[in-house]
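**Student:** Build out the structure end to end from the sequences listed, making use of the hints.
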Amino acid sequence: MKLYNSLTRAKEDFIPVTPGKVNIYVCGITAYDLCHVGHARSALVFDVLVRHLRRSNLEVFFVRNFTDVDDKIIKRAHDDGRDWREVAETYMRCFHEDMDRLGVLRADAEPKATDFIKEMQDLCERLLRENKAYATASGDVYFKVRAFPEYGKLSGRSPDELRAGARVAPGEEKHDPLDFALWKSAKPGEPFWESPWGKGRPGWHIECSAMSAPYLPLDIHGGGLDLIFPHHENEIAQTEAACACTLARFWVHNGFVQVNAEKMSKSLGNFTTIRDILERYLPETLRFFLLAKHYRSPVDYSFDSMDETERAQRRMYHALAEVDVALARDAWKALPFPSDRSAEAERLEDAFARALDDDLNTASALGHAFAFLKLVKSLLDDKKLRNSEGARDIFLRFRRCAGEWHDVLGLFGAEPAVFLAELRNCRITRGNIDTAAVETILERRAAARRDKDFAASDALRDELFAKGIEVRDTPQGQEWDIAG
RNA sequence: GGCGGCAUAGCCAAGUGGUAAGGCAGAGGUCUGCAAAACCUCCAUCCUCCGGUUCAAAUCCGGAUGCCGCCUCCA
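Mapped onto the numbering used here, the consecutive letters of the first sequence carry residue numbers 2 to 485.
One or more hints might be untrue.
As the list claims (entries may be wrong) - Below, computed lysine-lysine pairings styled on DSSO-like, alpha-carbon distance capped at 27 Å: (1) Lys3 x Lys22; (2) Lys188 x Lys133; (3) Lys119 x Lys133; (4) Lys267 x Lys76; (5) Lys294 x Lys267; (6) Lys113 x Lys73; (7) Lys133 x Lys113; (8) Lys175 x Lys119; (9) Lys12 x Lys22; (10) Lys3 x Lys76; (11) Lys133 x Lys12; (12) Lys468 x Lys453; (13) Lys113 x Lys334; (14) Lys185 x Lys200; (15) Lys188 x Lys200; (16) Lys185 x Lys154; (17) Lys175 x Lys185; (18) Lys73 x Lys3; (19) Lys334 x Lys384; (20) Lys334 x Lys385; (21) Lys188 x Lys73; (22) Lys375 x Lys385; (23) Lys185 x Lys133; (24) Lys133 x Lys76; (25) Lys73 x Lys185; (26) Lys113 x Lys3; (27) Lys267 x Lys73; (28) Lys119 x Lys188; (29) Lys76 x Lys113; (30) Lys73 x Lys264; (31) Lys200 x Lys154.
What the hints assert, rightly or not - The calculated label-pair distances, taken between Cβ atoms and stated as ranges, are: (32) Lys384 x Asn58: 36 to 44 Å; (33) Glu309 x Gly478: 23 to 31 Å; (34) Asp72 x Arg164: 21 to 29 Å.
Treat the hints as calculated values from the structure; they're not laboratory data. Note that the Cβ used here is the ideal one computed from N, Cα and C, for glycine as well.
**Tutor:** Below is the structure:
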């Protein structure tokens, strides 16, 4: 497959270092708060990448770490009057709960920073030995950026350019403003570990260098776009300065979730947690919404766009339900069948796979899935063709494709009737609908209809519509749903 | 200020040299007591603007404008 590499700023053929095997390391969360949509997107992007690589018969080892000791966690613990370990554990658990609900597969390894303290210290010592880092009187250890000539190769910045904007916080003892902390001496009340430089704790960047070390060289290192600088740049510097090897061949970065064209972030306070969303929408709707755009593009989150996603999603499941009904029949006729329809179905199945091979283009892939839906629907409505063996073959292919969409995208894999019922319940809850009251009106309407009193029947239908309820009259009786 | 990204119909969104996927909304039609749902059909001579390269550009190059991100913690 082709994959965009942030390092070269180009789409490249993805070829694993070891044939048939892929190591992926993705920067996970710092466990100090609930995850928001942005975290969901990042997790989803790499979830689909891993699924797709596995479907391409590659043996994937997927690592996603947790940062469980950090300034923010310590601050949060202090604010909540809790132990920092408890804070970290709480939010790691929440991460798992949220991601499980979204159908994000668990990583093969989920290292925690606090389990790698020894490795981080070893890495510091190695860099010190090689004169690529220095310890200060107060017990901090800094990386010497000037000792790594390639510094800036990922973010496209040169140390000289960075120099102008760099600053030194009060109390820091850096030799150079660009240098960054590998190890921080502990302040009173903070968690600490014994070290050759006194009591202290690791800097953020060194954590990932230590946790990814067992898997070098990585085929793919991933994370959000905002991690490129300084986090990933520093990670490269640490790892490559210490081991004289390549940290990762491909750097893959996902774009942001935005709100009103602005980045969703903690600092702007414009974030929506995954939990907030799942109170209003089904997990699969969020998945669909996020995967309907290319992973590197920004995505604007809003209720309106989620509602729109829901409508498209409903259409797909309706079609799936209809196809299942059609397939349950057993009276297929050997009629002449237009070969271009069959060829089109075959082409669309292939196009779906090709889209994912092209830099994980889930948006394009989904476009092909819906084009296939269109083809199937038209067949379903064709009174003659729908009973033909040619149509049956296309229906079967459609069903098989849906299985593929489920395997790789985690979409459209539910039992249609079950999903549709869940979706309806979800919309009823969201609309704050009094189901009992609706049923009462429907009973009165059914009575009016028995009496062929259409004026009364229509008045009741208008009354319901005013409450946001849409009624349909079907051969099986009245059906209702939330309007829109 | 430095570095980077994006600009496609009312909206969302694919498309990286060969003449604009898909979705939502909308219009007309079939169906219906009337509706709704479903299905069918239609809906960008054109891809922010100005130059250039080419037989050929939304796609490549140069410039302009607008928006966004990173440079401090951030998926």
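**Student:** Decide, hint by hint, whether the structure agrees.
**Tutor:** Results for each hint:
1. Using a Cα cut-off of 27 Å, the hinted pair Lys3 and Lys22 holds, with the two alpha carbons roughly 16 Å apart.
2. Under the criterion of a C-alpha separation no larger than 27 Å, the hint pairing Lys188 with Lys133 is consistent with the structure, at around 25 Å.
3. A distance of roughly 19 Å separates the Cα atoms of Lys119 and Lys133; the hinted pair therefore holds under the 27 Å criterion.
4. Using a Cα cut-off of 27 Å, the hinted pair Lys267 and Lys76 holds, with the two alpha carbons roughly 15 Å apart.
5. For the proposed pair Lys294 and Lys267, the alpha carbon gap of about 23 Å is at most 27 Å, so the pair holds.
6. For the suggested pair Lys113 and Lys73, the alpha carbons sit about 16 Å apart, so the restraint of at most 27 Å is met.
7. Between Lys133 and Lys113 the alpha-carbon distance is near 26 Å, which keeps this suggested pair within the 27 Å criterion.
8. Our distance criterion of 27 Å between C-alpha atoms is met by Lys175 and Lys119, whose separation comes to about 24 Å.
9. With a CA separation close to 20 Å, the supplied pair Lys12 and Lys22 stays within the 27 Å bound.
10. With a C-alpha separation of about 42 Å, the suggested pair Lys3 and Lys76 falls outside the 27 Å cut-off, and the hint is violated.
11. Between Lys133 and Lys12 the CA atoms are separated by roughly 33 Å; this puts the pair beyond 27 Å, and the hint is violated.
12. Of the supplied pair hints, the one linking Lys468 and Lys453 holds, its CA atoms being roughly 24 Å apart against a limit of 27 Å.
13. At most 27 Å may separate the alpha-carbon atoms for a hinted pair to count; Lys113 and Lys334 exceed this at roughly 61 Å.
14. Taking the CA atoms of Lys185 and Lys200, the gap is about 9 Å. The hint holds against a cut of 27 Å.
15. For the given pair, Lys188 sits about 9 Å from Lys200 by alpha-carbon distance, which is consistent with the 27 Å threshold.
16. A threshold of 27 Å between alpha carbons decides the hint, and for Lys185 with Lys154 the separation of about 26 Å falls inside it, so the pair holds.
17. Between Lys175 and Lys185 the CA atoms are separated by roughly 12 Å; this keeps the pair inside 27 Å, and the hint holds.
18. The hinted pair formed by Lys73 and Lys3 fails the criterion: a straight-line CA distance of about 37 Å is larger than 27 Å.
19. Under the criterion of a C-alpha separation no larger than 27 Å, the hint pairing Lys334 with Lys384 is consistent with the structure, at around 12 Å.
20. Taking the CA atoms of Lys334 and Lys385, the gap is near 10 Å; set against the 27 Å cutoff, the hint holds.
21. A distance of roughly 14 Å separates the Cα atoms of Lys188 and Lys73; the hinted pair therefore holds under the 27 Å criterion.
22. Distance check on the hinted pair: Lys375 and Lys385 sit about 17 Å apart at the alpha-carbon level, within 27 Å; holds.
23. Among the hinted pairs, Lys185 with Lys133 is consistent with the structure: their alpha-carbon atoms are about 17 Å apart, no more than 27 Å.
24. Of the pairs offered as hints, the one joining Lys133 and Lys76 is violated, with about 31 Å between alpha carbons and a cut-off of 27 Å exceeded.
25. Taking the CA atoms of Lys73 and Lys185, the gap is about 14 Å. The hint holds against a cut of 27 Å.
26. Among the hinted pairs, Lys113 with Lys3 is inconsistent with the structure: their alpha-carbon atoms are about 31 Å apart, more than 27 Å.
27. Restraint check: the Cα-Cα separation between Lys267 and Lys73 comes to about 12 Å, which is no more than 27 Å; the hinted pair holds.
28. For the given pair, Lys119 sits about 20 Å from Lys188 by alpha-carbon distance, which is consistent with the 27 Å threshold.
29. Of the supplied pair hints, the one linking Lys76 and Lys113 holds, its CA atoms being roughly 19 Å apart against a limit of 27 Å.
30. Using a Cα cut-off of 27 Å, the hinted pair Lys73 and Lys264 holds, with the two alpha carbons roughly 20 Å apart.
31. With a C-alpha separation of about 34 Å, the suggested pairing of Lys200 with Lys154 is violated against the 27 Å cut-off.
32. Taking 36 to 44 Å as the suggested C-beta distance range, the pair Lys384 and Asn58 conforms, at roughly 43 Å.
33. Between Glu309 and Gly478 the CB atoms are about 30 Å apart, so this pair conforms to the stated range of 23 to 31 Å.
34. For the hinted restraint 21 to 29 Å between Asp72 and Arg164, the CB-CB distance of approximately 25 Å keeps it satisfied.
Hint check: violations occur at hints 10, 11, 13, 18, 24, 26, 31; the rest are consistent with the structure.
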